[in-house]
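Protein chains in written order, with the working numbering: chain A, 169 to 386; chain B, 28 to 831; chain C, 4 to 343.
Read the hints as simulated data drawn from the structure, not as lab findings.
Some hints could be false.
As the list claims (entries may be wrong) - Derived, one-sided and incomplete: chain B residues facing chain C with beta-carbon distance under 10 Å:
| hint | residue |
| --- | --- |
| 1 | Arg107 |
| 2 | Ala108 |
| 3 | Leu135 |
| 4 | Gln159 |
| 5 | Glu203 |
| 6 | Phe286 |
| 7 | Arg556 |
| 8 | Ile703 |
Claimed, not checked - Derived SDA-like pairs (lysine to any residue); straight-line CA-CA distance at most 25 Å:
| hint | chain 1 | residue 1 | chain 2 | residue 2 |
| --- | --- | --- | --- | --- |
| 9 | B | Lys825 | A | Glu230 |
| 10 | B | Lys684 | B | Arg814 |
| 11 | B | Lys684 | B | Gln725 |
| 12 | B | Lys783 | B | Leu799 |
| 13 | C | Lys145 | C | Arg32 |
| 14 | B | Lys825 | A | Arg251 |
| 15 | C | Lys145 | B | Ile543 |
| 16 | B | Lys825 | A | Ser209 |
| 17 | C | Lys145 | B | Ile572 |
| 18 | B | Lys825 | A | His375 |
| 19 | B | Lys825 | B | Pro655 |
| 20 | C | Lys145 | B | Lys684 |
| 21 | B | Lys825 | A | Ala244 |
| 22 | B | Lys825 | A | Gly182 |
| 23 | C | Lys145 | B | Gly109 |
| 24 | B | Lys684 | B | Lys825 |
| 25 | B | Lys825 | A | Asp293 |
| 26 | B | Lys825 | A | Asn286 |
| 27 | B | Lys783 | B | Ile561 |
What the hints assert, rightly or not - Stretch by stretch, here's where chain A covers chain B in the computed footprint (C-beta under 8 Å, at least three residues):
| hint | stretch |
| --- | --- |
| 28 | 30 to 41 |
| 29 | 715 to 725 |
We treat Cβ as the ideally placed atom computed from N, Cα and C, and that holds for glycine.
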Amino acid sequence: MLLSIRNVTKAYPGQPPERAVLRDVSMELGAGETLALTGESGSGKSTLLHLAGALDHFDRGEILLDDQPYSDLGDAGRARLRRGQIAVVFQQFNLVASLTVAQNISFHARLSAQHDTNWTEALTDRLGLRDLLDRYPEQLSGGQQQRVAIARALAPRPRLLLADEPTGNLDEAASEAVMSLMLDLVADSGTALFLVTHSEQIAGRLHRRLHLRGGTLQ
Amino acid sequence: MRATGQALLSHWRRHPGQLLLLVLGLAMATALWSAVQAINGEARRSYDQAAQQLGAAQIDILVPRAGDGIALSRYVALRRAGWQLAPVLEGRWRLPDRSVTLQGIDLLSHPPIPALAQLANSDEMDPLALLQPPGRLIAAPGLARYLRTLPDLPPVLEAPDLPPDRVITDIALAEELLNRSGALSRLLVLREQSPGLPPLSTLAPELIRQAPSEKTSAQRLTDSFHLNLTAFGLLSFAVGLFIVHGMIGLAFEQRRGLFRTLRAMGVSLRGLIALLLVELILLALLAGGLGLILGFFLAGALLPDVAATLRGLYGAPVEGGLTLRPLWILSGLGMALAGTFMAGGQALWRVARLPLLSAPGVQSWSARARSGHRWQALGGAGLAVVGVLSVLLFDGLLAGFALLAGIMLGTALALPVVLSLLLTLLQRSARGPLAEWVWSDMRAQLPGLSLALMALLLAIAANIGVGTMVSSFRLTFLGWMDQRLSAELYVTARNDAEGAALQEWFRQEGIRALPIRSLDTRYNGTPLRVYGVIDDATYRGNWPILEATTDSWDRIAEGRAILINEQLARRFDLWTGDILTLQADWELPIVGVYSDYGNPNGQAIVSLPDLLERAPDIPHRQFGLRLPPQDVAALQSRLQDSFGLPASAMIDQVSLKRESLAIFDKTFVVTGALNILTLGVAGFAILTSLLTLWTQRQPQLAPVWALGVTRAQLARLEILRSVLLAVLTWAIALPLGLALAWVLLSVINVEAFGWKLPLFLFPLDWLRLAVLAILAAALAALIPARRLRRLPPADLLKVFAHER
Amino acid sequence: MLCWLPLQALAQGFAGLGTNADGYAIPERDYRLSFPQDHGPHPDFRIEWWYLTANLQDQHGTPYGIQWTLFRSALQPGEAEGWRSPQLWMAHAGLTSATRHFSAERLARGGIGQAGVSTAPFSAWIDDWRMTAPNATLNQLKLSATDAEFAYDLTLTAEGPLILHGAQGYSVKSREGQASYYYSQPRYTLSGTVTLEGQVIPVTGQAWLDREWSSQPLSSGQSGWDWFSLSLDSGAKLMGFRLRDDAGDFTSGTWITPDGQATALSPGAFQARSLEVQTVDGTEVPTRWEVRLPDRDLAVEVTPLNPDSWMDVSFAYWEGPVQVTGTHQGVGYLEMTGYR
């Protein structure tokens, strides 16, 4: 298994255990597999994604990536994990504002020393970013920004791509286009995808789907 | 309204640190400014008071165009031609421990002297006693006490309002004490004159009439000192405003949500602005009041040194005490208010244009900021050009200061563009994505930090400039002292008879004695002291010559030439080869110019026999003795035994140099203190700017963190960034500072003192400043960095969440 | 604006109120005046003056009066060179018309040449105020004074001999015997110009010069004097003074016939009585007098040309031209001191 989440419980400060945002959640994701996580607003979808991305701490249970338990890792280990194995696309504000589109796209790959020029070029072309390379994020539309974020996320060929409502701020047409591109590219790069979405239609296009309600998986 | 006000003010309850910084920043700015104002005001009042108390503030005077005085017969002739004049005989009166100004007046003709009014009405005053032997001396209480300890002096009366180093007496007694008779120093042209008098210019062509508006040389010189202080005060105030700007910006930024809520709840924009205005006014008054208190104590602490400087350097008497004046308080509070509005105007403007609903976007930084910076840089270049032009087109101190202000402000304004260019270059040469990001992010931060960095630039440049000036001056001064003070022992006799006896004794004992004798005269109406020297290797070997003919000392020994000091040379553009007319029948070719850092007045050297032929009655009291240093102590005790000379009348070279250097160092204490304070304020400005930027930093940092950079690493980078910006600013400030030093040494000094000094470089000082700047920047970044390191991941993740 | 300090004390000296004569020379009855040296200063005496008054009129008959006085006051007897001189000089100039009165003052230290009196030729001066003669006598004088608001420039010619008052110039001033040396030239004719508010006016008239020096002219009880110099149309002249004293006034004077015969008046012969008192510049002074000299059947009323003839100088006094009516007609000058 690429990602194993075992009996993970997470409560935010002040939450009583029975109202914890995630309670005893377990799930698995294989290499190259795509998984959609749906659920109501506030059901804990994003929190679970953050935990899977080693972005936040959990209270009980364990998460493993390639059998490497997260709880053994300190801040630096988690950062290394994020840098080398995992990529994340959030709903917004993914980009480094002070870098150009080109710099943003290659940023993660260069950070993890997995920069492959050909692959980056390919991503750039396939996401239609060729003409935008010298722009700064604030000069892009929302859809363009998200496409840059996807290119950046996939450029280092991560083992796991975490996407949290990546098209949540886009209109339907743009959303559809961006999502299709992402799914195609994920497939081509052999990356596993853990996608948080509230869209049944998008969820339907992935290998598997899970539903989170009230902090537990259904 | 009340609830709204409370809601607005609750911000400060929750952020007491911010309130503290804001008040402290404004208080510091006000304190520095008002301290300088208080010092200047006190000094100016002292001069005015001195002029007024002496009753000659608004009166024209006649002084000799050249020569050492006005003949008494000329005065009488002018009186008999109908001119109502009052004669004054004034001179340095050498006393055993100090020398003071002795002003002899004709009690019958001199205008009322306010300083003596109280005395005139007192019972101890017997007016006729002033006019009859032994006469009376009148002095301020401190000096009066000292005079009473001296033997053989007439009774001393006290007049508290007199300047501290001035003795007033009847002209008859003054002639005796100054050992001058038949001559006068100046004539006051009294207010009431009969009509139809023959013009003074034909009656007395050898005299110059000076209006009171043509200030005395001391006033002109002290003006430069005060301009200097004012410039520093203004710089400190400007730097302090950067802090205020930062804190107000922060407080407004953090309350944006509150403003929006209040507006949504129906508070009118006008009402909100009014409340914020009231808040600003209250803050300004609070901080201004605090600043005034600080400023008062600061001024009180600095004033004695300033007074010492003005006395030591210009001979301008200033009392060391400080009084609280309503006008000063009002102007201080006014400055605080004006500063607050200048600093808070932008924030208020933003509130006025705050959209009611839309979410706050990421701070736009690139295109708009950059075009703004370009205009700013153009403006800066323009200012620098104006500065250079002003010094090319106009003479004088103000032009010098315009040049300074032009290049300082110009460079400061251009700083963001220059830094941005530098950072782009550095970014290009960067290897690795993180380094690239660091540079680009620094560039992105420039708009928010540029004001603080400008403050830092000004502070560092001022430090380098003034520091280089002072150190160069000090080095030159030390070298000059070594040359000039070459005698091992300086002896001062109590009177001319003793002087003659001493000389005879030195001759018998075979001690090489150089008489130090001088004549106070005038050249073109300005004071000139002419020294007579004997031919001695001491002069040939040591005198601090700037330029001279090879045979200069030979020709002086023959009484056929004159050496002049740099002040005189520059003031009248007289150099080697020119002719100096001392008196109508006394013209000498100038054979050299020597440096002279002891006083701002003109000075010259001729042969002593020649001088004595012209002025046989000049004081004969001072000697420089050449002897092996180890014999100095023994000679001192022999002189004490043989002549009863007090210890204070014999100063050895080492002590004299030490005292001179102490006076010199005191001169620049104030400058040094202001320098350090300015740097501190600049560091503070960086801190407040970084704190203001903090809320905007999270969206910048969160993506990088999410991509696998630890918070600790980001925190370290935050500090590094601040330090790098400081280092870059320092690098730009360095040439600016040196330019400043050059202007100070070659333009301002020439105007203010009449001498030009060589520029020395002190790289160690620059390094020290770099370290200070780095420390200040690192310390300023420490608080946000620590905050970042401890920030819960959840807070960073919020950046990406649906709502922020 | 005048100097601040010693004036009050100086004024006392000049006003003659200094009442002891330590170290100063004292007038002696048997001294015989000798000229020209006695026209010059006597530095061993405390005070001295050269005192000239004149009644003038312009071509329309408009009357004026002028005064020119040089005082010498010694801080110590004797003389020294330069600023060390103990001699102080003061001068007063006055110009009076029926409606205006101007006064001016000059002060000077002795020893430096700013003020003084020399005898051969005669010259008395302070600043640019001058009384000079072409020779060592007082017969031909040029007189001038200038101030911001007025000036005069006059030529005087003596028409008779010098008059020695008292006993050959020894003039007793009190019952205790205080005295001064006192002589006059009471009979000058003059012509010249006065300048008043920028207007130059040609004038003619007659003048009277007094010379007096002493060291202790007043006794301790005396508070001031009233001094009259009257020129009667008959050609006779009367000098009379009253020294006011708590213990009874002392009066004296000299009657001068038209041919220059002087008769000293015995004490009490000259009578002066105040007819009217006015407040002038804040001070009450008599401005109308009845003067009687029963020996000569003289009973006249003396009225000032301008009651406001107040000399606003370091020590203030009243000095101005007067008209004489009654048994005799004429003009003259009146001086009143010690009222303030």
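Status of the hints after comparison with the structure:
Annotation: interface hint on B:Arg107 holds; nearest CB of chain C at approximately 6 Å, less than 10 Å. Checking B:Ala108 against chain C: minimum C-beta separation of about 6 Å stays under 10 Å; hint holds. For B:Leu135, the suggested interface contact is upheld, since its CB lies about 4 Å from the closest CB of chain C, less than 10 Å. The interface hint given for B:Gln159 holds, since its Cβ lies 5 Å from the closest Cβ of chain C, which is under the 10 Å cut-off.
Here the hint on B:Glu203 is kept, as its CB sits about 8 Å from the closest CB of chain C, short of 10 Å. Among the interface hints, the one on B:Phe286 is violated; its C-beta lies about 67 Å from the nearest C-beta in chain C, farther than the 10 Å criterion. Nearest Cβ of chain C to the Cβ of B:Arg556: about 25 Å, over the 10 Å cut. The hint is violated. Contact between B:Ile703 and chain C, as hinted, is not supported at the beta carbon level, the nearest pair being about 49 Å apart and thus beyond 10 Å.
The hinted pair formed by B:Lys825 and A:Glu230 meets the criterion: a straight-line CA distance of about 24 Å does not exceed 25 Å. Between B:Lys684 and B:Arg814 the CA atoms are separated by roughly 54 Å; this puts the pair beyond 25 Å, and the hint is violated. A C-alpha spacing of about 60 Å is found between B:Lys684 and B:Gln725, which places the hinted pair above 25 Å, so the restraint is violated. Distance restraint check for B:Lys783 and B:Leu799: the Cα-Cα separation of roughly 30 Å exceeds the 25 Å cut-off, and the hinted pair is therefore not satisfied.
The suggested pairing of C:Lys145 with C:Arg32 is violated, with an alpha-carbon distance near 33 Å, which exceeds 25 Å. The hinted pair formed by B:Lys825 and A:Arg251 meets the criterion: a straight-line CA distance of about 20 Å does not exceed 25 Å. At most 25 Å may separate the alpha-carbon atoms for a hinted pair to count; C:Lys145 and B:Ile543 exceed this at roughly 54 Å. For the hint pairing B:Lys825 with A:Ser209, the CA-to-CA distance comes to about 15 Å; that is within 25 Å, so the pair holds.
Among the hinted pairs, C:Lys145 with B:Ile572 is inconsistent with the structure: their alpha-carbon atoms are about 63 Å apart, more than 25 Å. Proximity of B:Lys825 to A:His375 is assessed by CA-CA distance (about 29 Å); at most 25 Å being required, the pair is judged violated. Distance restraint check for B:Lys825 and B:Pro655: the Cα-Cα separation of roughly 83 Å exceeds the 25 Å cut-off, and the hinted pair is therefore not satisfied. Among the hinted pairs, C:Lys145 with B:Lys684 is inconsistent with the structure: their alpha-carbon atoms are about 67 Å apart, more than 25 Å.
The hinted pair formed by B:Lys825 and A:Ala244 meets the criterion: a straight-line CA distance of about 21 Å does not exceed 25 Å. Restraint check for B:Lys825 and A:Gly182: satisfied, since their Cα atoms lie roughly 18 Å apart, inside the 25 Å limit. A distance of roughly 17 Å separates the Cα atoms of C:Lys145 and B:Gly109; the hinted pair therefore holds under the 25 Å criterion. Our distance criterion of 25 Å between C-alpha atoms is broken by B:Lys684 and B:Lys825, whose separation comes to about 69 Å.
Between B:Lys825 and A:Asp293, the direct Cα distance comes to roughly 31 Å. Violation of the 25 Å bound is thereby established for this hinted pair. The hinted pair formed by B:Lys825 and A:Asn286 fails the criterion: a straight-line CA distance of about 34 Å is larger than 25 Å. Note on B:Lys783 and B:Ile561: the hinted pairing is violated, with a Cα-Cα distance of about 28 Å set against a maximum of 25 Å. Requiring three or more residues with a Cβ within less than 8 Å of a Cβ of chain A, the coverage given for the stretch 30 to 41 of chain B is violated, as only 0 such residues are present.
For the stretch 715 to 725 of chain B, the assignment as covered by chain A is violated, since 0 residues bring a beta-carbon within under 8 Å of that chain's beta-carbons and 3 are needed.
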